[in-house]
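Place chain B with the ligands on chain A using the hints.
Protein sequence lines, in the order shown, are assigned to chains A and B.
For the first sequence, the numbering used here begins at 3 and goes up steadily by one.
For the second sequence, the numbering used here begins at 390 and goes up steadily by one.
Hints are computed from structural coordinates only; laboratory data are not their basis.
Keep in mind it's a predicted model, so treat the numbers as computed, not measured.
It cannot be assumed that every hint is accurate.
Said to hold, decoys possible - Derived coverage of chain A by chain B (criterion: at least 3 residues anywhere in the stretch with Cβ under 8 angstroms from a Cβ of chain B; other residues may be distant): (1) 179-186; (2) 209-217; (3) 233-242; (4) 284-295; (5) 298-312.
Note that beta-carbon positions come from the ideal geometry of N, C-alpha and C, so glycine has one too.
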Amino acid sequence: MAETKTVKRVKAHIVPKKPAPTPDEPPVLSVQNLHTSFITDSGEVRAVNGVSFDLYKGKILGVVGESGSGKSVTAYSILQILDQNGRIVEGDIVFRDKSLLSYSQKEMDAFRGNKCSIIFQDPMTSLNPVFTVGYQLREALQLHTKYKTKQQATERAVQLLEMVGVNEPDKRLRQYPFELSGGMRQRVMIAMALACEPDILIADEPTTALDVTIQAQILELMKDLQEELGMAIILVTHDLGVIATMCDEIIVMYGGRVCERGTAEDIFYRPCHEYTKGLLKSLPNTDNMKERLVPISGTPINLLNMPEGCAFCPRCENAMKICLTEQPEELLMPDGHYAACWMNVKEAMDT
Amino acid sequence: MNTVNFNSEYLVEVEDLKMYFPVKTGFFKTVPLKAVDGVSFNIRPGETLGLVGESGCGKTTVGRTLLRLYEPTGGTFRFKGEEVTAKNIGALRKEMQMVFQDPYSSLNPRMTVEDIIGEPLDVHKLYNSKEERHEKVLHLMELVGLNAEHATRYAHEFSGGQRQRIGIARSLAVDPSFIVCDEPVSALDVSIQAQVINMFEELQDKLGVTYLFIAHDLLVVHHISDRIAVMYLGRIVEIADADELNENPIHPYTLSLLSAVCVPDPVKAKANKRIILEGDVPSPLNMPSGCPFRTRCRYATEQCAQEAPSLTDRGNEHLVACWNK
Ligand SMILES: Nc1ncnc2c1ncn2[C@@H]1O[C@H](COP(=O)(O)OP(=O)(O)O)[C@@H](O)[C@H]1O
Ligand SMILES: Nc1ncnc2c1ncn2[C@@H]1O[C@H](COP(=O)(O)OP(=O)(O)O)[C@@H](O)[C@H]1O
Ligand code: SF4
Ligand SMILES: [Mg+2]
Ligand SMILES: [Mg+2]
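Isolated chain B, as found in the complex:
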């Protein structure tokens, strides 16, 4: 499945994507909240791109805008070489799916597992007989490691990890080639998290699906991703191979983000020199001029306030947006 029959190295090509939300600030006044402000990245078929950054930086909005749950304010998104528009998104829905953080709220508690997973099959008419539907559902359940006897049970009877499996089986029903995973393991207990991470990795090996994997746990993202993009206030500030990013971070924000990670190893953790950032992230309604990070950056200069740096290649596909590093 997912044979590559388009003329690009990339499955997903995002260029200068913008998503502004109008926010009321008075009776007659609305201002744009720049949730995503000129984001560009590419993903190869079968690759996992991790997307990290603090809450509110625009990760979810990137995912939702790609799937056209929002109409983007600007920029382009090419999928398999073809530009995605309001017109052709209907036909592409089958190719792109989204998995959510909260397995509790995204599944209908009054539906059986079989019907939850079978629903997209119904919507896209992907079977000819009841038996075929049943077989397809069982196959999907097997793929994500669910027991066949669970088919007749209700979602609320399951624990978090199992619900996440149900959600993923459902998104796989339409045989997508691209899945946006929005914090899919963040709500799970540590001992369950590893089960679900492994399932994502195994599915990719088996089916060749491509992931945009959004999470805030940097160790989890490092583990699952081939490449990682770091977001801050609606922009990507750095993007590189996962190991490269962790070993040689360049952007001042990435540096402090990585140094803030608490590694589960007391000697390493206690030796870690943290780069503590002062203050909070500015509001996206009140973006600093120039580089979005300059208000907290220890390397900021006059230039940083004048003009926003764009991503430049520092070799080996390691892109950084910073004037001074």
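Only chain A is shown next, with the shape it has when bound in the complex:
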């Protein structure tokens, strides 16, 4: 393998928010300056603070960040499945030129049923323990697709289970979720999510609870299905290895904000945010086995006590005065990706 990881420095243009070169087609989904908050006894938890990204047909977008960085809340905001105390307070989510925020309850139900599915880390979140796999699959099919009779739905359910690599599908249809192994349950949940042939699949830590060999099976399955069906996938995970393996585009989140977004190569080989750089150096990788890791110091963020300036500032080794007081704007890097870090401004000014 000739390719090696060279972390090249890229000088920033100071041109905020110029659109990056985009593919010919318009995005399937466009999240614009999303802010989502939760009202709690100890105050407003601003879980997502100005997240923007575009999702294109047939692409896998990775959302990565440590726990509490707002990945799931971003995903749940799209589907409007936030907890009772949560609300989208600013921004917009546009699906095929129409704002999801303007949808009626009925339209939103249809969106969740037909256009956009979600799978979770714990399959039991979407599977009902008291019904057989077959009952649940048939119900989803009869409700949301053209497979209306029991026989049609059963035939389709068998096809779906075969598609996601479940062996003996006829037998599985008669089983209850608890009778299946973890990997098998994950596959059944994916089959459920695919039942309505969605345009968008959101996968929230789909393999985090699985062993590596089962993870490899599920990731390969997701890639195959995405190629076969041309879905767009939003893959939410804290695992940079999974992100590197699967994604075309990546957004890196910290403290409810996007630090950096770009292609997999931009993020891994030319990171332009101090957090991303720190994260990559702190990981054991094939080329640093003999070296001490370089950790990010400090402790994870507390959303109730957010710094005024850059969210990462308290842990950043290169923090400057301005980082303490002012939030960095997202800037376009010369290679076409975006980063929100004052270092880029400093370096642009230095040269």
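Relative to chain A, chain B with the ligands alone:
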């Protein structure tokens, strides 16, 4: 500390260790669940042996059986050359400690950090005065990178990484020479994981402790271990120097395990040819005959179903249990 005064090259010598749990399958019927089924390995003083394998393969049970939290079904464990038995384990408890995955559940939330770390000192009466206890606790806190002013705070006030440090300071209190680390960084965020991995490595440099390091993240295990043992269904299928194992894996299971790793590098990760295993791990209640891996192995032959392969040396302490590779 930890002067080597025994006549073996190894601190830890495990031979044919077995741990079967009786499991009820009916009113009167119990069958043995073979969680660990004939495991052998050695660890040199100051060395780290990584133990990897998928959940349920018996890693935790190996650790707990070594510390006699379970009474083994069979096999021997020699520590510093002396066989560990139910009789002498009491005296050896101080020498061997265990650190757990979940820093949240293994610490008492109602105790201060000073009392959590001081408790083993109390149990083993390792001080003469209150001042000495306090000093020892502060020294331990310093070793694991905790601030002295944290001594009076409660465990629940700390984040995962800091709790893991508290847990480790506590296990170091009795000056052990051997620590079983059971998934100690698995619950931590990536940015915190590196801090704790470094702490383990630095402690070993400073104190010469020996680790059995259990984890399922193969990159983490490779980073921290001198040698690595791969387990499948209660057996060790391969054991070798960490680099050697990663560069020249031999056992078919190790091959697919390593190929399943997602490296954080898009070009390498996307070029990686995965060897996808079919199906799931069989239940340890219903072990296949012969080689435990044969039901998923693409190289399996008639012989594999007849007889279980034992570990054989392929040179340079690279041991593999396979008939056909
Ligand atoms: N119902 C809720 N009430 C209050 N805070 C919440 C609620 N749901 C999520 N949060 C907070 O939002 C933040 C982001 O959470 P989440 O998106 O789940 O993070 P992750 O990146 O781990 O998926 C966290 O700090 C979490 O505590
Ligand atoms: N106390 C116990 N009683 C019965 N079965 C057990 C007990 N502890 C572990 N097991 C079983 O032994 C096998 C190995 O478990 P464990 O050592 O925890 O695996 P690992 O740590 O590799 O995930 C599993 O099948 C598990 O269900
Ligand atoms: S002994 Fe046979 S079944 Fe077992 S790993 Fe080797 S080839 Fe495969
Ligand atoms: Mg989440
Ligand atoms: Mg375990």
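Worksheet item: Which hints from the list above does the structure break, by number from lowest to highest?
Response: none
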